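Residue numbers (numbering that gives the first Met the number 0), protein chains in the order written: chain A, 0 to 248; chain B, 0 to 248.
Quick caveat, the hints were computed from the structure, so don't treat them as lab data. Certain hints may be false.
Here chain A is said to cover these stretches of chain B; the calculated rule only asks that three of the stretch's residues, wherever they fall, bring their Cβ under 8 angstroms from a Cβ of chain A [to be verified]:
no.	segment
1	68 to 79
2	89 to 102
3	179 to 186
Since we're looking at a predicted model, the values are computed, not measured. Ideal Cβ placement from N, Cα and C applies to all residues, glycine included.
There are 2 protein chains.
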Amino acid sequence: MQRYFLAGKFEEQATYKLTGDDFHHAAHVMRMKIGDKCFLTFEDEMAIVAEITEVLEAEINLKLVEKEETQKELPFNVTIACGYTKGDKLEWVAQKATELGMFELIGFPSKTSVVKWDEKKLTKKVPRFEKIVKEAAEQSHRQKVPGIQLLSHFNDFTKSLVNYDHILVAYEESAKSGETKSFVKSLQEVKTGESVIIIFGPEGGLSPQEIDIFSKEKAVICGLGPRILRAETAPLYALSAMSYQWELL
Amino acid sequence: MQRYFLAGKFEEQATYKLTGDDFHHAAHVMRMKIGDKCFLTFEDEMAIVAEITEVLEAEINLKLVEKEETQKELPFNVTIACGYTKGDKLEWVAQKATELGMFELIGFPSKTSVVKWDEKKLTKKVPRFEKIVKEAAEQSHRQKVPGIQLLSHFNDFTKSLVNYDHILVAYEESAKSGETKSFVKSLQEVKTGESVIIIFGPEGGLSPQEIDIFSKEKAVICGLGPRILRAETAPLYALSAMSYQWELL
Chain A
0 MQRYFLAGKF EEQATYKLTG DDFHHAAHVM RMKIGDKCFL TFEDEMAIVA EITEVLEAEI
60 NLKLVEKEET QKELPFNVTI ACGYTKGDKL EWVAQKATEL GMFELIGFPS KTSVVKWDEK
120 KLTKKVPRFE KIVKEAAEQS HRQKVPGIQL LSHFNDFTKS LVNYDHILVA YEESAKSGET
180 KSFVKSLQEV KTGESVIIIF GPEGGLSPQE IDIFSKEKAV ICGLGPRILR AETAPLYALS
240 AMSYQWELL
Chain B
0 MQRYFLAGKF EEQATYKLTG DDFHHAAHVM RMKIGDKCFL TFEDEMAIVA EITEVLEAEI
60 NLKLVEKEET QKELPFNVTI ACGYTKGDKL EWVAQKATEL GMFELIGFPS KTSVVKWDEK
120 KLTKKVPRFE KIVKEAAEQS HRQKVPGIQL LSHFNDFTKS LVNYDHILVA YEESAKSGET
180 KSFVKSLQEV KTGESVIIIF GPEGGLSPQE IDIFSKEKAV ICGLGPRILR AETAPLYALS
240 AMSYQWELL
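Please take these sequences and the hints and turn them into a complete structure.
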């Protein structure tokens, strides 16, 4: 069943409306008709099953059928922070990490990042990323659309780290040296209401200086198993392992 | 450090040789010189650190420095079986699942597969897949290159299931109905020397008839958490969770 994200908090009301892109998708792509159902999800993560009562020129009207009870979000907010990578890899991480439950994506310029983006370019990129995560959130039946922050200064990123209860860093050298316990221990220590950020380097990896800076912010340096994962694969490993630890085990 | 896979089992000898594509990569892409080191990995999963002693017109000679002691392979052989998906998604799964430790990839025609490939087309595709997994295995420092089987008949696939000690099926409907324990229980039950196959549907998911057929082969039907993962994302979730359970926990 199709899922759409609506602006505002959930309120019980006689009619809900799909307009703009969502209207276009429902009416013209999915060709939904009166009597068809879909999920509507609101900014407070409330979701309902709604039934179409009217299809007009530029909007669809729906009525509440029932509230969705299942929890679809990871039990803790996990922010994925990635040093800027080449090509469209970060867009790809945005899509896949959304499916896997990420709360927010932060991009930052890492010392070894080959690409250099200025503020103007980054501001232009944000809407594209927002579209990617919205569509992935709809497809994967999330109750929340992840946030996007594309930072232009490394210092802005390090300053923001005080906002998180748990700071993890995925570090290739830890993987190579056979470190295996920090990641598990960190995941098992997260408590209700706490937030997690996990930091990944670009293709060239994080520099020892960056590792020092993160360590001063009390980051835990982790290995993610014995194989060397590409920059775009490591965040997916981390989120999958988090889901396994927190939702399945 | 670069890694190359050589044909044959490891034997102690005075000189090892890189030829063909590997020679080209080492000499012209990586521009390696006398005294540079790389890993050489053999078909019996033995790996050595080797040093270049000579760079000739069409081959590089190397000598043994030391044997690699670290285990880089998942402790159990995991075969990933995917119903044929659209576009290049299966190639992408081949690359990512190799990084994450897959033992073998099997493609099979599922009832809901949109693409239909005949035997001739599939035979042509195999070398391309073999190149993808070889390169990914080198990059992720694997000691084994995964195998590739692209089957043209669903029946050939079901007949092969007797070869595995544990048959798992990732099923969207199990995820939707909140089933969470079967996957964990299955992973925890795997014993030394046993093999695992995990089956994934194409975009349209596995059909109830297919689920019936797999169930008769004693497959365990599993949910992989509460979010709906795309066909190409689910195998990566499974392999990451397996690594977490078997290598980190």
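Verification of the hints:
Counting residues of the segment 68 to 79 of chain B whose CB falls under 8 angstroms from any CB of chain A gives 3; the rule of at least 3 is met. Remark: the segment 89 to 102 of chain B is confirmed as covered by chain A, as 4 of its residues place a Cβ nearer than 8 angstroms to a Cβ of that chain, reaching the required three. Restraint check on the segment 179 to 186 of chain B versus chain A: 4 residues with Cβ-Cβ distances below 8 angstroms, three needed, restraint holds.
The structure meets every hint from the earlier list without exception.
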